[in-house]
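Chains as they are written, first to last, in our numbering: chain A, 7 to 376; chain V, 7 to 376.
Warning: the hint list may mix true and false statements.
Pairs count within a copy or across copies, as identical chains cannot be separated in the list.
[Unchecked claim] Only pairs whose alpha carbons sit at most 25 Å apart, straight line, appear in this in silico PhoX-like list of lysine-lysine: (1) K113 to K241; (2) K75 to K63; (3) K113 to K239; (4) K241 to K105.
The set of hints was computed from the structure by calculation and includes no laboratory data.
2 protein chains.
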Amino acid sequence: MAFDTPLALENGAELGAFTVAYETYGALNTAKSNVVLVTHAFTGDQFVAGTHPITGKPGWWEEVVGPGKPVDTDRFYVICTNILGGCMGSTGPREIDPKTNEPFALKFPGVTIGDMVNAQAHLLDALGIEKLMAVIGGSMGGMQVLEWASRYPTRVASAICIAAAARHTPQNIAFHEVGRQAIMADPDWNEGNYLAQGTVPERGLSIARMTAHITYLSEGAIERKFGRNLQGKDKISYGFEADFQVESYLRHQGKSFTQRFDANSYLYITRAMDYFDLAARNGGILAEAFRGSPTRFCLISFTSDWLFPTEETRRVVHALNSVAANVSFVEIETDKGHDAFLLDEPVMADTITGFLNSVANDVGIEDKGQ
Amino acid sequence: MAFDTPLALENGAELGAFTVAYETYGALNTAKSNVVLVTHAFTGDQFVAGTHPITGKPGWWEEVVGPGKPVDTDRFYVICTNILGGCMGSTGPREIDPKTNEPFALKFPGVTIGDMVNAQAHLLDALGIEKLMAVIGGSMGGMQVLEWASRYPTRVASAICIAAAARHTPQNIAFHEVGRQAIMADPDWNEGNYLAQGTVPERGLSIARMTAHITYLSEGAIERKFGRNLQGKDKISYGFEADFQVESYLRHQGKSFTQRFDANSYLYITRAMDYFDLAARNGGILAEAFRGSPTRFCLISFTSDWLFPTEETRRVVHALNSVAANVSFVEIETDKGHDAFLLDEPVMADTITGFLNSVANDVGIEDKGQ
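Chain A on its own, in the form it takes in the complex (with noise of 0.2 Å):
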């Protein structure tokens, strides 16, 4: 959807005129009370369920939504944006900058968490929809629930963050520099101006995915999905080639992701991600972000999870508990690492379901299944 009114940024800047790109799911009921906002993962996108128009593959969440899962499209009305930022038709830097009709590049303004919910909740507004049943996503998703819960608490029902955190953590900055520093150190990225020099910093693209893949796995599933075993061959090659399968893997990984990821993009999502830290923005007092909010909360983590540890979920669970807000945490025991949340997970799934049937109830939803 195209808006023609500006849309404020937190850095004071503002975009003249902006995009969300969105898919929905399902029907939305007359009473607009079965709404779910599913907010996607830094390199996800709107398209959650189905078959992804641009890659063939199936949506990111097919674990979770659609018919009969967990968020179950035969009862609830799914809306799904890509971010403000993103490279998937909601405005970014990969879109035409209608000041220069070039492309915004590093033109593009620094966009946070709070903007991308911003944008999501112009989108509603146009949607004609007050109030969401539920947001719920995982990992940067997780972030948007817990800024959607902070920021609009009367327009949340319940939030559901999974494999998320109230801040990026200092490793996980870390993280993300080395990855922006590989795209910026790929001379093909020009500046930043590559799409209007028709070049593409495939290799600097590649390397920031690489690392980061190696932060969605655990140490244990790398070791079970690959261990040391060789990539077809039976002898190590004393060079170079990619003689072992994780390297092989993590090649591929790489290279697959320079076609459909956009590299600034990539800089302005990590950087979103760097600087979320919704304490900060409360005089340094997590609870402040969710004193007297009306919201249900489930937060879910992943015991291997070392990007986003159950230790940061935690401290969103003691901020909560200290507001008196209604909240449920599990912990879910898993050797996946932080792509859980991406994957065949039965006790999240159970816990999803479980707790969005309480919350249809609360609303008033009726269960197809009675």
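On the provided structure of chain A, position chain V as indicated by the hints.
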């Protein structure tokens, strides 16, 4: 020391001639029974103590080696060599290939931890030293320690292996692969021929170092040292400057590293570590690497070391126990991460002191303090 005899390598090739650069500290006793070989970590060198002649900084193991230190140079004769494949005087990819009169670059043969140890053994032979009172090292230095004990059991009275493993884990291989790809993606790498072409792949090498550096620190250490503190500013920039202290620190680490380390050495040495797998060489049974060993072992790990986690050291301890080797094992509680072995760690210092005193007593070395 320059050798004009060939060095047979594990990959089947040989180096026609080779040089082992080394430093010594303390005095060799007449029985030649007080020799401690210190093996250095990945980016270390032979300058263990004193002032480094190139960087002007203290030696890399000042905390551990010196007069009155745990490896007491008033009692012991300490030898440290620059590893084969390194860039501080021992034969490596940046040295001149006598066949072409140009730097070896990628014509340098792939070397292994075993080759490094063999080169050290040649040096000891040339110095007339048959037996080591101890071999001691951390990280890749610890890999060399295990290799020494496995390859030359009768030459090693005792082996102190710190923050290391008997194999490189797939997660570690993954991080190394990212670093190599960053170097090889830098156009200034020039397919490895940068020295001949007068370029330096500074950007790639810097990114490799930044990535690796994150793995040397624990999440807790990063939190304690930097947190989310900004670097020399009050407000975030909403851009891609080094807003955070952790970013500024990593950039500095990356940049300064390029002034002291060779990019091709980075490739070769990471590969040697990747290939290290003592069990694989012994039919998949690690214990076989040590069966019948007369060596006294001391193994040390650190609780917050996620690069070489205690679990990996425990595998070595179990293997040693299963062949009734003489082994001490200490896991040290610290939040300093992998780098702890380079830092002021009193329990590590006491452990090394006590162990070496006992070994010195075994081999009949007088305590000068008595």
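### Query
How would you classify K75 and K63 at a CA-CA limit of 25 Å: within, between, both, or neither?
Within. Shortest intra-copy distance 18 Å satisfies the 25 Å Cα cut-off; inter-copy 61 Å does not.
### Task
Could you place K113 and K241 in one of the four classes (within, between, both, neither) given a Cα distance threshold of 25 Å?
between (50 Å within a copy, 20 Å between copies)
### Message
Cα distance capped at 25 Å. Does K113 pair with K239 within a copy, between copies, both, or neither?
### Response
between (48 Å within a copy, 22 Å between copies)
#### Entry: Within, between, both or neither, where K241 and K105 count as close if Cα-Cα is 25 Å or less
For K241 and K105, neither the intra-copy (57 Å) nor the inter-copy (28 Å) Cα distance is at most 25 Å.
Checked against the numbered hints given earlier, the structure breaks only hint 4 and satisfies all the rest.
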